[in-house]
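Heads up: the sequence lines are chains A and B, in that order.
For the first sequence, this note's numbering assigns the number 221 to the initial residue and increments by one for each residue that follows.
For the second sequence, this note's numbering assigns the number 37 to the initial residue and increments by one for each residue that follows.
Since the hints were made in silico from the structure, they are not lab data.
Note that CB positions come from ideal geometry on N, CA and C, so glycine has one too.
Honestly, I wouldn't trust all of these hints.
Okay, the calculated bits of chain A under chain B, using three or more residues with CB under 8 Å as the criterion [to be verified]: (1) 327-336; (2) 376-384; (3) 467-479.
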Amino acid sequence: MNFFNIIDLLAEADPDVLDRFSSRRAVFSSLGTVAQRAALATSPLFLGALFQKAYAGTASLPTDILNYALTLELLEADFYRQFLAAGQIPAGAATDAITVIKTHEDVHVDYLHKAVIAAGGTPVTGSATAGIRFNPSLLPATYADQLKYAQVLEDTGVRAYKGRAAELIGTDLLTPVLQIHSIEARHAAHIRTMRGQQPWVSLGDDLAADASYKAAYTSGVASSTKTVMALGGTTYGIPSYNPARPSPPESNLQQGAAGTKPAVLITTGIGSITYTADDAAAAFDEPLQAAEVLDSSRAGGLLA
Amino acid sequence: MSDNIQSRGSDDASFAQPLYTPIKRRSFFMYAGATAGASALVLAGCSKDSDNATPSLPAGNSVTSSGAISLGSGDVGVLNYAYALEQLEADFYSKVAALPQGILTGTDYAYFQEVAKHEAIHRDFFKAAITRDASSQVLRGLTPKYDADQFLTKDKILKTAMAFEDLGVAAYNGAGKLLKTPAYLVIAGQIVSVEARHAAYIRDLVAYGSFAADDQVDPALGLDKAMTPAQVLTVAQGFITEKLDGSSIGVN
Numbered sequence: 221m222n223f224f225n226i227i228d229l230l231a232e233a234d235p236d237v238l239d240r241f242s243s244r245r246a247v248f249s250s251l252g253t254v255a256q257r258a259a260l261a262t263s264p265l266f267l268g269a270l271f272q273k274a275y276a277g278t279a280s281l282p283t284d285i286l287n288y289a290l291t292l293e294l295l296e297a298d299f300y301r302q303f304l305a306a307g308q309i310p311a312g313a314a315t316d317a318i319t320v321i322k323t324h325e326d327v328h329v330d331y332l333h334k335a336v337i338a339a340g341g342t343p344v345t346g347s348a349t350a351g352i353r354f355n356p357s358l359l360p361a362t363y364a365d366q367l368k369y370a371q372v373l374e375d376t377g378v379r380a381y382k383g384r385a386a387e388l389i390g391t392d393l394l395t396p397v398l399q400i401h402s403i404e405a406r407h408a409a410h411i412r413t414m415r416g417q418q419p420w421v422s423l424g425d426d427l428a429a430d431a432s433y434k435a436a437y438t439s440g441v442a443s444s445t446k447t448v449m450a451l452g453g454t455t456y457g458i459p460s461y462n463p464a465r466p467s468p469p470e471s472n473l474q475q476g477a478a479g480t481k482p483a484v485l486i487t488t489g490i491g492s493i494t495y496t497a498d499d500a501a502a503a504f505d506e507p508l509q510a511a512e513v514l515d516s517s518r519a520g521g522l523l524a
Numbered sequence: 037m038s039d040n041i042q043s044r045g046s047d048d049a050s051f052a053q054p055l056y057t058p059i060k061r062r063s064f065f066m067y068a069g070a071t072a073g074a075s076a077l078v079l080a081g082c083s084k085d086s087d088n089a090t091p092s093l094p095a096g097n098s099v100t101s102s103g104a105i106s107l108g109s110g111d112v113g114v115l116n117y118a119y120a121l122e123q124l125e126a127d128f129y130s131k132v133a134a135l136p137q138g139i140l141t142g143t144d145y146a147y148f149q150e151v152a153k154h155e156a157i158h159r160d161f162f163k164a165a166i167t168r169d170a171s172s173q174v175l176r177g178l179t180p181k182y183d184a185d186q187f188l189t190k191d192k193i194l195k196t197a198m199a200f201e202d203l204g205v206a207a208y209n210g211a212g213k214l215l216k217t218p219a220y221l222v223i224a225g226q227i228v229s230v231e232a233r234h235a236a237y238i239r240d241l242v243a244y245g246s247f248a249a250d251d252q253v254d255p256a257l258g259l260d261k262a263m264t265p266a267q268v269l270t271v272a273q274g275f276i277t278e279k280l281d282g283s284s285i286g287v288n
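The shape of chain A in the complex, shown without the other chains:
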């Protein structure tokens, strides 16, 4: 393993690379002892952090992604706080379930807050009265409608984590983020069950069309670099949104496109079996891009 071969490869691809790193010597002089340098330099994590710092204008840092996740968890946690405080939830199983879900969102907030700090960032914050919180004026009066907002938030959360997990490939943050992602899906399934719906998302069940959300996507940021969000007392970057490439709807039946390799039509199976569009849509959840999630038409519109 030769760290400097990699730098040279980068120089071949990008002659400005050494300027981005300030200088080779400066990179290493900030890293402590020789032994620490050797250990760090052989670590893909170190390389990832170094390159992400050097190319911060073109891609998101892990702290950007963690702060994005923390934004959503703060929104969810505060929503459940208000949901419980409104006193409309039937006693027994329903209250028990919402309490369990709120507890999970609270520990997710705590976990991600610490993770942002550990990664060297400034965590977004929120409370009942300031920063990132659910807009109290949007909380419906009835239990049934409150529960619908819970479903909107959970299903959106599931899609949101999916939309950014790939940016964490090669980091130790990927696995815990996946472990939170599947919890959100469990929550979404149970909330849907409480509403008498199927626990999965079927054809035509894209919540963007739900009245809980506003009209169509409105922000449509499309600059050449990442978009900076100013929320909860700090700023973080999200990938810019290209209106020409929106995330697929939940009714999507073409899955798994990889580079130039075409997607698989999932309504046709082995031996020419066919599946209904409803079953196929339900078998795959869809990602959402950060700009879509934080747009005022979606979760962004639920922020105070």
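Given the coordinates of chain A, work out where chain B should sit on it, guided by the hints.
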């Protein structure tokens, strides 16, 4: 490491000058900043500099010296691993869905009718995707095996379904970090959340309100389980006739 530092001298200015024509700049920027790109370069560096020849890794669906079927290496290994688990789930659900109403009724019966389709779609998707991307390494069709009383009682059917779904969630959560191709990670994410929805619902059928109970979700951290392929295959092997070798999944 130190040899290279010395051999390249210590004058930083000399390195700041571009040595090559930047013909690859655009393609580099397609993944600059993503650690996947950095890792790929690390691996390139390893293969170039290592004195030790890289041991050849088994191809997917090849038979190992011990007679096991290898799931393969690298991303293909992860895809075959998921395909193996989906084959097992799809077979189990199809057998349950084919039972006459009586053992299962009402919402229980309806659940298996629906989810049998989801799991078959997952299985068929993986076969199609692996055939597309690594046609010579597609895992063969496996032969599931079950206890003699597997399909006789509602209790055993529901408990097994719950074990499969929770195992599937933990398997995908643990395998994500083994993937290097972003598109594959997205697909795994698209499927694992559906498995988690199944898991939550079957748990609610077994004991209402246990959709994310503390035996599956660490209550202190709010994290679902994540298991390594070795841990998952130890469990899954009890339901699969063929011996599977997952030791090179994700390795390349």
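task: Examine the region 467-479 of chain A: at least three residues should have C-beta closer than 8 Å to a C-beta of chain B.
output: holds (count 5)
query: Under a C-beta cut-off of less than 8 Å, do 3 or more residues of the region 376-384 of chain A approach chain B closely enough to confirm the stated coverage?
result: holds (count 3)
- request: Given that the region 327-336 of chain A was listed as covered by chain B, double-check it with a C-beta distance under 8 Å for 3 or more residues.
  value: As far as the region 327-336 of chain A goes, the hint holds, because 3 residues have Cβ atoms under 8 Å from chain B.
Hint check: no violations occur; every hint is consistent with the structure.
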